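Colleague: In order, the protein sequences belong to chains A and B.
If you count the first sequence from 1, position 166 lands on 165 in numbering that gives the first Met the number 0, and the numbers rise without skipping.
If you count the second sequence from 1, position 387 lands on 386 in numbering that gives the first Met the number 0, and the numbers rise without skipping.
Calculated from the structure, these hints are not laboratory results.
A quick note: this is a predicted structure, and the numbers were derived from the prediction, not measured.
There's no promise every hint is true.
To be verified - Stretches of chain A that chain B covers, calculated by requiring three or more beta carbons in the stretch to come under 8 Å of a beta carbon on chain B:
hint, stretch
1, 119-130
2, 190-199
3, 236-242
Think of the CB as a built atom: it goes at the ideal place given N, C-alpha and C, for glycine as much as any other residue.
Here are the chains, one letter per residue:
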Amino acid sequence: MSRVSFFIYLFCLFLVFSCEKDLNTAIDVFKKPCFNCILNPDSVITATVSMSKSITNEGMPDKILDAVIELKEEGKPSLFLKHIGNGKYKTDHKPSVGTKYSVEISIPNYLTLKATTIVPIRPEVKYIKGYLKPKEEIKSRYSSLPFYPYTFEINDKPGLNRYWVYSMEKYIGNNYKWDFRSMYYGPDFIQYDDFNKETDAGFLNGFYFLYYLRILDSGIGSNVFQVNEECPVDQNYRYFFMDTDEHYDKYLKSTIKQAMNDGDNLLFNEPVQIYSNIENGLGIFGSAAITSFKL
Amino acid sequence: MRIFLYILFIFPMLVFAQGQVTVSGIISDQNSGERLIGASIYSPVSKLGVSANSYGFFSIKLPKGSNAIQASYVGYQTSSVTINLRKDTVLNFTLKSSLILKEFTVKGTQSRNAHPYFSTLNMVKLDMAKMGDIPAILGERDLLKSIQFLPGIKGGAENTAGFNVRGGSSDQNLILLDGVPVYNVYHLMGFFSVFNGEAIKNAELFKGGIPARYGGHLSSVLDVSMKEGNLKKPEGTFTISPVAGSFTLEGPIKKDTASYIISVRRTFIDFPLMLIQKMQKQPYIGGYYFYDLNAKANWMLNQKNRIYLSFYSGLDRNFFTGNDRNLKQSFRYQWGNTTTVLRWNSTITPKLFSNTSLYFSSFNNTQRTKAKEGDAVNLFKTTSKLNEWSFKSDFDFYVSPEHVVRFGGKVSLMAFSPDILQQRNDETETNFTQETRKEAFAGEVYLEDAMEWGRMNANVGLRTAYYGIEGKTYLSFEPRIALNWTLKPDLTISASYMRNSQNLHLLTNSSLGLPTDLWVASTKNIAPQKADQYSLGIEKHIARKYTFGLEGYYKTLKNVTRFNEGAAFLSGRDRNWENNVSVGEGEAYGSEFMFRKENARLNWMLAYTLSWSNQRFDDINRGRWFPFKYDRRHDFSALVDYKLKSKKSGERKISLAFVFKSGSQVTINDTETEGVMLPGFEYYASPEYVDKFRVRQTYENPNNFKMPSFHHLDLNYSVKKYRNSGRGHEWSFSGYNIYNHLNPWMTYKEDGVAKQLSIFPFIPSVSYRYKW
Numbered sequence: 000m001s002r003v004s005f006f007i008y009l010f011c012l013f014l015v016f017s018c019e020k021d022l023n024t025a026i027d028v029f030k031k032p033c034f035n036c037i038l039n040p041d042s043v044i045t046a047t048v049s050m051s052k053s054i055t056n057e058g059m060p061d062k063i064l065d066a067v068i069e070l071k072e073e074g075k076p077s078l079f080l081k082h083i084g085n086g087k088y089k090t091d092h093k094p095s096v097g098t099k100y101s102v103e104i105s106i107p108n109y110l111t112l113k114a115t116t117i118v119p120i121r122p123e124v125k126y127i128k129g130y131l132k133p134k135e136e137i138k139s140r141y142s143s144l145p146f147y148p149y150t151f152e153i154n155d156k157p158g159l160n161r162y163w164v165y166s167m168e169k170y171i172g173n174n175y176k177w178d179f180r181s182m183y184y185g186p187d188f189i190q191y192d193d194f195n196k197e198t199d200a201g202f203l204n205g206f207y208f209l210y211y212l213r214i215l216d217s218g219i220g221s222n223v224f225q226v227n228e229e230c231p232v233d234q235n236y237r238y239f240f241m242d243t244d245e246h247y248d249k250y251l252k253s254t255i256k257q258a259m260n261d262g263d264n265l266l267f268n269e270p271v272q273i274y275s276n277i278e279n280g281l282g283i284f285g286s287a288a289i290t291s292f293k294l
Numbered sequence: 000m001r002i003f004l005y006i007l008f009i010f011p012m013l014v015f016a017q018g019q020v021t022v023s024g025i026i027s028d029q030n031s032g033e034r035l036i037g038a039s040i041y042s043p044v045s046k047l048g049v050s051a052n053s054y055g056f057f058s059i060k061l062p063k064g065s066n067a068i069q070a071s072y073v074g075y076q077t078s079s080v081t082i083n084l085r086k087d088t089v090l091n092f093t094l095k096s097s098l099i100l101k102e103f104t105v106k107g108t109q110s111r112n113a114h115p116y117f118s119t120l121n122m123v124k125l126d127m128a129k130m131g132d133i134p135a136i137l138g139e140r141d142l143l144k145s146i147q148f149l150p151g152i153k154g155g156a157e158n159t160a161g162f163n164v165r166g167g168s169s170d171q172n173l174i175l176l177d178g179v180p181v182y183n184v185y186h187l188m189g190f191f192s193v194f195n196g197e198a199i200k201n202a203e204l205f206k207g208g209i210p211a212r213y214g215g216h217l218s219s220v221l222d223v224s225m226k227e228g229n230l231k232k233p234e235g236t237f238t239i240s241p242v243a244g245s246f247t248l249e250g251p252i253k254k255d256t257a258s259y260i261i262s263v264r265r266t267f268i269d270f271p272l273m274l275i276q277k278m279q280k281q282p283y284i285g286g287y288y289f290y291d292l293n294a295k296a297n298w299m300l301n302q303k304n305r306i307y308l309s310f311y312s313g314l315d316r317n318f319f320t321g322n323d324r325n326l327k328q329s330f331r332y333q334w335g336n337t338t339t340v341l342r343w344n345s346t347i348t349p350k351l352f353s354n355t356s357l358y359f360s361s362f363n364n365t366q367r368t369k370a371k372e373g374d375a376v377n378l379f380k381t382t383s384k385l386n387e388w389s390f391k392s393d394f395d396f397y398v399s400p401e402h403v404v405r406f407g408g409k410v411s412l413m414a415f416s417p418d419i420l421q422q423r424n425d426e427t428e429t430n431f432t433q434e435t436r437k438e439a440f441a442g443e444v445y446l447e448d449a450m451e452w453g454r455m456n457a458n459v460g461l462r463t464a465y466y467g468i469e470g471k472t473y474l475s476f477e478p479r480i481a482l483n484w485t486l487k488p489d490l491t492i493s494a495s496y497m498r499n500s501q502n503l504h505l506l507t508n509s510s511l512g513l514p515t516d517l518w519v520a521s522t523k524n525i526a527p528q529k530a531d532q533y534s535l536g537i538e539k540h541i542a543r544k545y546t547f548g549l550e551g552y553y554k555t556l557k558n559v560t561r562f563n564e565g566a567a568f569l570s571g572r573d574r575n576w577e578n579n580v581s582v583g584e585g586e587a588y589g590s591e592f593m594f595r596k597e598n599a600r601l602n603w604m605l606a607y608t609l610s611w612s613n614q615r616f617d618d619i620n621r622g623r624w625f626p627f628k629y630d631r632r633h634d635f636s637a638l639v640d641y642k643l644k645s646k647k648s649g650e651r652k653i654s655l656a657f658v659f660k661s662g663s664q665v666t667i668n669d670t671e672t673e674g675v676m677l678p679g680f681e682y683y684a685s686p687e688y689v690d691k692f693r694v695r696q697t698y699e700n701p702n703n704f705k706m707p708s709f710h711h712l713d714l715n716y717s718v719k720k721y722r723n724s725g726r727g728h729e730w731s732f733s734g735y736n737i738y739n740h741l742n743p744w745m746t747y748k749e750d751g752v753a754k755q756l757s758i759f760p761f762i763p764s765v766s767y768r769y770k771w
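With the rest of the complex left out, here is chain A (with noise of 0.2 Å):
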């Protein structure tokens, strides 16, 4: 090798190691108690209490044995939720729709955690099932089996709701494994939000919503949304149809944000911020009421 050879051959490598390195990012995180309870009229009440960490430690989030949560419900007298062991608290009282609770958690060494929630009432749906159809009608995605076309009609309540639509769907003779019904269509007068809106030209007008369908509702009230659905022969289906409240819709939008820009992989995305409406601390107090079927 000539000498000149050998000194572009050297600022070659030169050029070329000198490009990338890895990139100290530890930040100081001030470590706070999380709260996650999720009230639901069908359920008694659970929580868990944890503490946040700091990303770059490995492990799980450490549990939080000793803290004293107080529920409160309009109206009535406080609940304290009893731990039931690493880190999960629990109650036998069930929530009642309508009512706004709010909770304080205290915890040795830490601000007082405050939050509220008001349980929203169950969505009031019907559905009807149609005759059964040959496969070459479906319109919604491709299928080998006939298929029954159902209609669901949601009766919007007064006020702002925030409806969530979900499906799951199960292969007849398999008892063991449900999957997420990607949630592809609706007629046009159905406002949807297209947050989680992915694009697949293997599904009618070349897009689905991941996991969930989330309704925009105008707050008029009075309104019958309707989702159609189309159903092949060889499958069980759930279908759930889920009214939140402002904190949980939130909570549940950061979540699944997040979900997708982890899919995406892609160089520009932001990272998502999961909300949280604890003051003082992270995690969510919210609630949700659910109306489901079986098909």
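Got chain A sorted already, so can you dock chain B onto it with the hints?
Modeller: Just chain B, lined up with the frame of chain A:
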């Protein structure tokens, strides 16, 4: 209010001097006929002086009788005439270029500041000759990178042409080319701007107290003028650098009456790339290039009227084509601007000058994929377009040497078509998202008054803007005031206030000038952006060589937009952009410091900015304030150039540039918390997904991580040779980042580890310029 208006506009008109005549005319270059923007006219007897406007036009009132009148301009020999004035007179000056005598020309002339109403830190006239001496990466001189050495202007990612002024985002800069807004001013991921230095005559940058004649953007105005073309003789320039070459030709169409200039620049990195791919017999051939084409022609209809026709087209194209067995595929990703303007300059009376323009500006971004197999054809195309058609008229009324009133207006029709999807095959042709196309109408009128009262210089004005879209109208009143008070001949205090509004929003994922950036209009849901800025400064000249400036500013912004977290047009999701942006407010404050020495042999400038910039959005970060992405606390730059040799036959010069900037802010997840299982997942038997949501990653506030500081030292050595015939050539040898500091250009994660990518280590380059 009436008193205010009286003081500003009426009173100055009443102080007309009696027994005077008006001398008006054009100041131009003797060799080329190019009009000299901002050239000075001075009368030593009456001690009155004025500056030429953007078209080289001046108008001055002088006493009747014998008067000596001097015309001067930096880099030119002063021209003097003595004339007996009896009536209004037209007097044109042609100045002879004097590169070697530059220092004597400057010192020996009562040179006048063309903008005495603005502090040096609020308004900068960019010296295009000096721009050529600033060290440039890969030998490509760039206007937008050069201005980043100025205080108060912060660059985006390393070596990108995008810039942020006083806490504003890059879309808040109004960038005009011959009076026409250019929307996407970047090539090649922002590494180069669309401005071809060979075609540019002049550039002025306003950061504060922006005159009322400019509007439509919040933070700054960069007004770039193209050369007009040599009226006397044909000329040409050829330049070549490691990445691009340019060719410029100019000359008279009819001597002293009409001229043209045409300038083309193109990168050639695609040629060797394609050659290698062909030699390797690869089935697919791909590459990338960009080009700029500037063309301009002008006709002097008579002494009072002149018509200009300017055209600019720039395009970036990333492409590949291939043929694999029966399958033919092609992919094209291209984006670019086209502007064209027809202008008419008219000297209506010796005191009234008008400029009327009809222009079109367009930004187009297209991604097209085509596959053909036999007779079957599949086409997928996405386009984003912004088209603007405008008619505007501006008038300069020279009431007296101390008093110029400017007024005018503009009407515009804008059409926005962001993110239009088209899919076509043999069976179907589908167009998605057509509904996102919107049309907007805008109208603006302004009145501006530039006055000199003894030691006080003032530029005050009012701009009124109307904007209508989707049946909704917005009206904004934008007062502007710039005051400059000369306490002593060498000491000036300045103050300014301005309000601006902006109907356009740039939705961007990054500062890289990517083609995925979308220009969208304010809608019935998203109101125009607004900003108020106050500044106060002091400027001191020492021994006529040194200039020291210090200025503080405070700016508030309203209705600024930001992508919602997680939203990204890069993902290809079909989105309605209005659902994916947040609207909020911002504030920026800081102080700028500048110390400059200018003499012919050694020139240097030190600039330092200390600043803060924050934003707040209701639905981000629980409505709390957080730092702006380019909230760089410290920003220091130094420029030095030294002439080793300067003779009539040539020049050798060495220049040095150093930049230090605090790191920009990025958002990274810093915290992990326990999460709530999402609804439905209790039925979902796949454990990996259930686990996935057990822990959430989040962060305390957006832009929570400060990137490492950014600094580099660059050197340039240039040799210029001139001949009497006007021919000459120039060699430039540059070294960028000579101590090879790895500045972060971007960050990414690989296997959970954050990494910084640095793409500009030490880079030597050489460029050549030939002029005939």
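Colleague: With reference to the structure, classify each hint as holding or not holding.
Modeller: Comparing the hints with the structure gives:
1. Counting residues of the stretch 119-130 of chain A whose C-beta lies closer than 8 Å to any C-beta of chain B gives 0; at least three are required, and the coverage claim is violated.
2. As drawn, the stretch 190-199 of chain A meets chain B at 6 residues by the rule of a beta-carbon pair under 8 Å; at three or more, the given contact holds.
3. Taking a C-beta to C-beta cut-off of 8 Å, the stretch 236-242 of chain A contributes 3 residues in contact with chain B, enough for the three needed, and the coverage statement holds.
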